[in-house]
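Each chain, written out:
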Amino acid sequence: MWRVYIRRMTVDDYRALSAFDIHHRVTSGTTSAREFAQHALELAESTGRELNAFITICTDKALAQADDIDRNVAAGESVGPMAGVPIVLKDNISYRDYPLTCASKILNGYVPPFDATAAVRLVEAGAVIIGKANMDEFAMGSSNENSAYGPVHNPVDHSLAPGGSSGGSAAVVAAGIVPIAYGSETGGSVRQPAAFCGTYGFKPTYGGISRFGLVAFASSCDVISPLARDPRDLALAYKVASGHDHNDSTSLDFEHPDYPNDLELGRKLTIGVPADYFPPELDSDVRAVVDKAIDALKTAGHSIVDVKSPMSRMAIPIYYIVASAEASANLARYDGVRYGKREGADLALHDMYAATRAKGFGDEVKRRIMLGTYALSSGYYDAYYQKASDVRQLLREEFARLFDEVDLLITPTSPTPAFKLGERIDDPLAMYLSDMYTAPSSLAGNPAISIPYGSVPDGRPVGVQLIAALKDDRTLFQAAASLA
Amino acid sequence: MRYTHDGFEAVIGLEVHCQLETKTKLFTACPYSYGEEPNSQTEAVTLALPGALPVCNRAAVDYAMRMILAVGGTVHQTSIFARKNYFYPDLPKGYQISQFDRPIGTGGSIDYQLDDGTPRSVGLIRIHLEEDAGKSLHPEGGENFTRVDLNRSGTPLIEIVSEPDIVSPQDAYAYLNRLKQIVQYLEICTGDMEKGQLRCDANVSVRPIGESQFGTRTELKNLNSFKGVERALLFEIERQVKVIKSGGAVIQSTLLWNEQKQEAIAMRGKEESHDYRYFPEPDLFPLIISDEWLAETRSALPELPAEKAARFVAKYGIRVYDATVLTDSRALADYYETVMTTCEDSVGASNWIQTELLGALKKRGEEIVDCPVPPGEIADLLNRVKSSEISGKIAKTVFAEMLESGKSAASIIKEKGLVQISDPSQLEPVIAEIIAANGKQVEAYRGGKVALFGFFVGQVMKQTRGQANPQIVNDLLKKALDT
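Taken in order, these protein sequences are the chains called Y and D.
Note that the first sequence covers residues 11 to 494 in the working numbering.
Note that the second sequence covers residues 10 to 492 in the working numbering.
No farther apart than 25 Å at their CA atoms in a straight line, the calculated lysine to any residue pairs in the SDA-like style are these: (1) D:K230 to D:R187; (2) D:K487 to D:V451; (3) Y:K115 to D:E52; (4) Y:K351 to D:P148; (5) D:K93 to Y:A393; (6) D:K93 to Y:D400; (7) D:K144 to Y:L357; (8) D:K251 to D:T263; (9) D:K93 to Y:S399; (10) Y:K351 to D:T155; (11) D:K371 to D:Y182; (12) D:K270 to D:N233.
Hints are computed from structural coordinates only; laboratory data are not their basis.
Bound-form chain Y, shown alone:
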């Protein structure tokens, strides 16, 4: 007789595991889903709180979900492809029984009575939802400083911004609290924080994941987008959440291959380097990291070609007109009438509206509502909203032409590595420019990925962005895997 001593899994063991490892251990009965959930919840309460990455931690429901998985495994029933994997949702994704805040005071007290389609699919796949991540208010921001719940700290260095708006989602993945988190993209809100925190971030083709239950910021750009620490987990995260949904008219019905099991590239690509994304003033350390990735791809036998994308230079102005215009209407429902915060209940109707929205929204949200309202106003519509929409169409056409010639575009994710918390908060324009390389594909609807591919000399991570043709999400996972 001999005994096997199994060392109890430590937090550090847990942090080193991928979603696939966790799924394997849970389904093979090696480690219970409950144990993983407990580790994730403990980390959320300790590291997560230090980083201010969470708005809500969903302890009770997470443990109940984990127990369900364990029961099913024990009973020999089939479980989903994410069984027992702890995950986090950005707090603009509707999840029943827990507050949905969008990091805004205006939603004080609102608890949604329904689940986002993505949340339904994740739970069905066996994922265990640990908590709701901090973010920029209504997903408007690039540093996570526009949160009514305070800024998130970058796990790489707590004095750095984690990026935004999905700062909390990026931080919980980078800090090892969970292997997969979901944020949302409108103009770079997952790729940019992924780059700042040193994780992978993926923006699907527009419509690739249902928006039903995702609180709208700019409907024509919004898409739920996952973050992970390796390409395979990222591919799994997308596979599970993707697919057409009859509750979202803009969700697309296209073939989703089994991304995580289809990572072998097996072909030589043509990869375009758009000069417009590499201006002379680009941070040379950032450029060096992207060049290194280009070299690696060249070495692997892919052909690298110079291309031009002048319309990409228009992306920031288009984005801040179109997205703000849509936001000005999307955020009109926060009026203090049906749910959330109401100020000035004793005042006349329009004064109540004004008081509620003045106190409920933060400065950046108000700025964009005003910008968007102006862009749609009678007498200005043609000069702003219509012109921006027309140029957006030109950008789409330019992208379509580019992807007739190349399989991928390679660019920096963001022009700089993570900046300091507080550094840009009083300079909205500088803040907006950190999305200049991510906004074009958001406006055109193309899928894109941010790959952590090194760092600048002081250790701040740098993300390399790959952009693909519409609905060719698969090539991004494959290319990312080939670079890993």
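Starting from the known structure of chain Y, fit chain D onto it as the hints suggest.
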């Protein structure tokens, strides 16, 4: 024709909203029916909860297409929903999803006749789809708050905008009646203005008779009945003429009609100065109608009132006026046609339905759809009159009984022994008896007071409890008296 007042003529255009009778709302599967508990017919989309999204109701699109096709308009196979932005508590999203520069329908006309038979054709500018708002119930008693009922919020409407082709308040009334008739025929809207299922705003201006330029128009709102539309237009036309005559100018504005006070009051400038900031609804892709769908809807269109009336004239040989009355509603026309599947007297049936049946129903406060007498029974009754089994007069008695008891004509006639007596051998003894008993009158009649003939007929009818065949009685009486 064109309404004139003091040297001026009126120019009128109407905007009519029809609430489409779909089972569910325009952008959600949330069911709706009128008169339910406030806020009981709401869910995430209706309440505009964060993250809720619109999904277009196919039936509503189909209903809109029916209307466009019925009026000879163009169905645009690509149309675009747009957001119309304004804040109000009964508008949960802070915008209404409507259509703006790319509506689903344009063109077509509403064709009808005035009471004097004048044919009219009013052109349509557009027909578009949009969602309705909820209802604000403003305080009446001691309450100092407004209640909001969102049941109606999100229900489908079509807005039908006419050209300024309407020439008088009476014309507007006739236009609305035809429009209501069409939507009812199409079974897309109940057309009940009192329940708000049909709503009307009017644009009106005046100009000197013969002038081709339009005058400054005003918009009349809060018109809650067809007659209210007529009265409000009359009021507003006279008001505008008075303003101009006294040297003033009509100011472009929106006026609210007050039915109690019979006057229109201008809204305050602030209330009407909206910038709706329309822009394409990004939650919905353009609405695309396939060729197949369009063809399917076109082929499923029912026969419309004008076509039906013309067919009735041709097929049943009834007068135009009668055909118009019988095709007033699809239910009435169907009733008549069902009667005619077994009835041998089309004109008799037409008359009977218009006078006896509709008269009786009106007294009972019922509509044709509530009629307790099945059409086959009416046909049977009228066939018995036609074959002289019963007299027209007896038929009325039988019909009253049918309406009351729900029994068949046959059983009533049998039970009460009401079969008409046409056999001369049964009637001759009765006549002989009456002649014998009324010597004086017989003498007077034979002396030239022919008006007394009616007296003898009455006596026979009395003796036979009305069952005698009047034609036979006439013949026999004449024979007996004149010899």
